[in-house]
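From first to last, the protein sequence lines stand for chains A and B. Positions 14 to 409 (the numbering used here) are the ones given, in order, by the first sequence. Positions 125 to 230 (the numbering used here) are the ones given, in order, by the second sequence.
Any given hint could be a false lead.
[Said to hold, decoys possible] DEER-style ranges, computed between Cβ atoms:
#1 A/T195 x B/L161: 48 to 54 Å
#2 B/E143 x A/R69: 21 to 27 Å
#3 B/D201 x A/K289: 37 to 43 Å
#4 B/V200 x A/K349: 26 to 32 Å
#5 A/H283 x B/L161: 32 to 38 Å
#6 B/E143 x A/S407: 41 to 47 Å
#7 B/L161 x A/G46: 38 to 44 Å
#8 A/I286 x B/T216: 54 to 60 Å
#9 B/V200 x A/R119: 37 to 43 Å
#10 B/G189 x A/E78: 36 to 42 Å
#11 B/D201 x A/T195: 24 to 30 Å
#12 A/D94 x B/G156: 28 to 34 Å
[Unchecked claim] Which stretches of chain B does chain A cover? Using the computed rule of at least three CB atoms under 8 Å from a CB of chain A, they are:
#13 154-168
#14 194-206
Derived from the structure by calculation, the hints contain no laboratory data. Just so you know, even glycine gets a beta-carbon here, dropped at the ideal spot from N, CA and C.
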Amino acid sequence: MILGIVGAGQAACTLILELIRGNFRGQVLIFNGEAIPPYQRPPLSKDWLQNPSRDRLNLLPKIIEQDSRITWISRTVTSIDPGRGTIRTRDTAHTVDHIILATGTRAKKLEIPGLSAQQNVSLRTLNDAENLRLNLAQASTINIVGAGFLAFELAASLSKFGITVRILAKGPRALPQVGLDTAEYLSSRSDALIMTETRLIKFDRKAQSLLSNQGPISCDLVITAIGSEPNIELAEASGLATTSGIPVDVNMQTNHPRVSAIGEVAEYHHTLIGKKLRIESIAQANETACILATHLLEQQSVRHKIPWFWSNQGSEKLQIAGFSERSDDSFLLMDKPHQRVVLRHKDGRVTAVEAINAAREYMAARRLFESNEKSISLNTVQQAGSIFSLLQSSSS
Amino acid sequence: MLYVTFIDPSENEIEANFEPGDSLLQAAVHAGVDGILAECGGGCSCATCHVILSSAWAGTLEPPGPQEADMLTFAVDPTPQSRLACQVQLKTEHNGLTLNVAKRQY
Numbered sequence: 014m015i016l017g018i019v020g021a022g023q024a025a026c027t028l029i030l031e032l033i034r035g036n037f038r039g040q041v042l043i044f045n046g047e048a049i050p051p052y053q054r055p056p057l058s059k060d061w062l063q064n065p066s067r068d069r070l071n072l073l074p075k076i077i078e079q080d081s082r083i084t085w086i087s088r089t090v091t092s093i094d095p096g097r098g099t100i101r102t103r104d105t106a107h108t109v110d111h112i113i114l115a116t117g118t119r120a121k122k123l124e125i126p127g128l129s130a131q132q133n134v135s136l137r138t139l140n141d142a143e144n145l146r147l148n149l150a151q152a153s154t155i156n157i158v159g160a161g162f163l164a165f166e167l168a169a170s171l172s173k174f175g176i177t178v179r180i181l182a183k184g185p186r187a188l189p190q191v192g193l194d195t196a197e198y199l200s201s202r203s204d205a206l207i208m209t210e211t212r213l214i215k216f217d218r219k220a221q222s223l224l225s226n227q228g229p230i231s232c233d234l235v236i237t238a239i240g241s242e243p244n245i246e247l248a249e250a251s252g253l254a255t256t257s258g259i260p261v262d263v264n265m266q267t268n269h270p271r272v273s274a275i276g277e278v279a280e281y282h283h284t285l286i287g288k289k290l291r292i293e294s295i296a297q298a299n300e301t302a303c304i305l306a307t308h309l310l311e312q313q314s315v316r317h318k319i320p321w322f323w324s325n326q327g328s329e330k331l332q333i334a335g336f337s338e339r340s341d342d343s344f345l346l347m348d349k350p351h352q353r354v355v356l357r358h359k360d361g362r363v364t365a366v367e368a369i370n371a372a373r374e375y376m377a378a379r380r381l382f383e384s385n386e387k388s389i390s391l392n393t394v395q396q397a398g399s400i401f402s403l404l405q406s407s408s409s
Numbered sequence: 125m126l127y128v129t130f131i132d133p134s135e136n137e138i139e140a141n142f143e144p145g146d147s148l149l150q151a152a153v154h155a156g157v158d159g160i161l162a163e164c165g166g167g168c169s170c171a172t173c174h175v176i177l178s179s180a181w182a183g184t185l186e187p188p189g190p191q192e193a194d195m196l197t198f199a200v201d202p203t204p205q206s207r208l209a210c211q212v213q214l215k216t217e218h219n220g221l222t223l224n225v226a227k228r229q230y
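Looking at chain A on its own, in the form it has when it is part of the complex:
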């Protein structure tokens, strides 16, 4: 089975980890639109700003990142075709058995008349965070538009740089995700000045101020932190059902059997909460990834395996990997004292390996049969001289 994962964030990486832990026997293509290996996002608004090391953000252990079952494709996916199992980038096309959309969310933008893109930043990616850090040197006053968790985390981090921070809430209160008591407590603990009921009109460049219903609010930089929106355009364009996210069933499958969705784009009926939800959290990213991994691994385990047999005959141990017809040809691959390996073959493909007192050859054949969905070429084994050495060269 070949999986194609679109996206390389938390959910995608957890899926990979779980598949490898579960001894997934297929191949995974993972499309990473960012130019850097997968990283953790949560630290970016917190201690990372003080201690901006990329290494500390690594999401996957190197041993997983470099696993031979995984192929990293550093390209942005431009379209998918669920019917054909095709994933396209600007200049490549890939056919897979199953597509997994782990496209995540992006920061909502807010156009403020008069404010240049350089002065109106958001924080979602490592690139955003590095850009924000570069801007901090020239900033003494920052207005954060939005009053959710991200705004509060950023305010706490930015205050450590000696920057004056204001949090501008459109509504009557900050932190609407939590109860009023909690919000009031956290607001009282924040270093930021919190302004509610604030409507922005435009940015006055000369005065370097945001003009609002509460008068001008000066600042060097505006950070927009007004929430995120799901990246569902690929799904939409491919004809998949979409809502405020990508609806999926209990196994994270979309309305097309060849496509699943996980992470923050996935909207599903949560059995404990009792309604359809699209949750943005690291726990949800991990949970949906684990659900899908279990499902994919179960599918794998019910998939038929290549047959194998053994027979102890006195001091001779016969072990057979594969299944041959009586009419299949034979090729004596190994003939040592007490050890024989015969390849049964038909039409240039190995149908079975008959090993006598040659367990390594037999096990290597089983592994090769399991990993080569189209069976093993006779010619390749003959050239390698041994199935074990062929396995070693194909897995290195």
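Assemble chain B onto chain A, guided by the hints.
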């Protein structure tokens, strides 16, 4: 009654009774030890009854034969103390010893 103690992948300890001459696999199957698949049924042909012996077993067993050694190279993360349970013949002197079932069989 003679017994050995299996520690399964979830760290449960299971006492498994045996008669001298039983294989470790037979003792495990009778005691219902989790985590031993033994897909080939005890024929040294699948490497899914991988166990790891404690140091107390040292010197009580012949080393793995060439077949078992070859099969062990296909087990998940084999160690020098790794064995295939189907190939270990239990003796009276093994009474009371412990061993771990491999965390994963594949």
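For this structure, which hints from the list above don't hold up? Failing hints, ascending: 2, 11 and 12.
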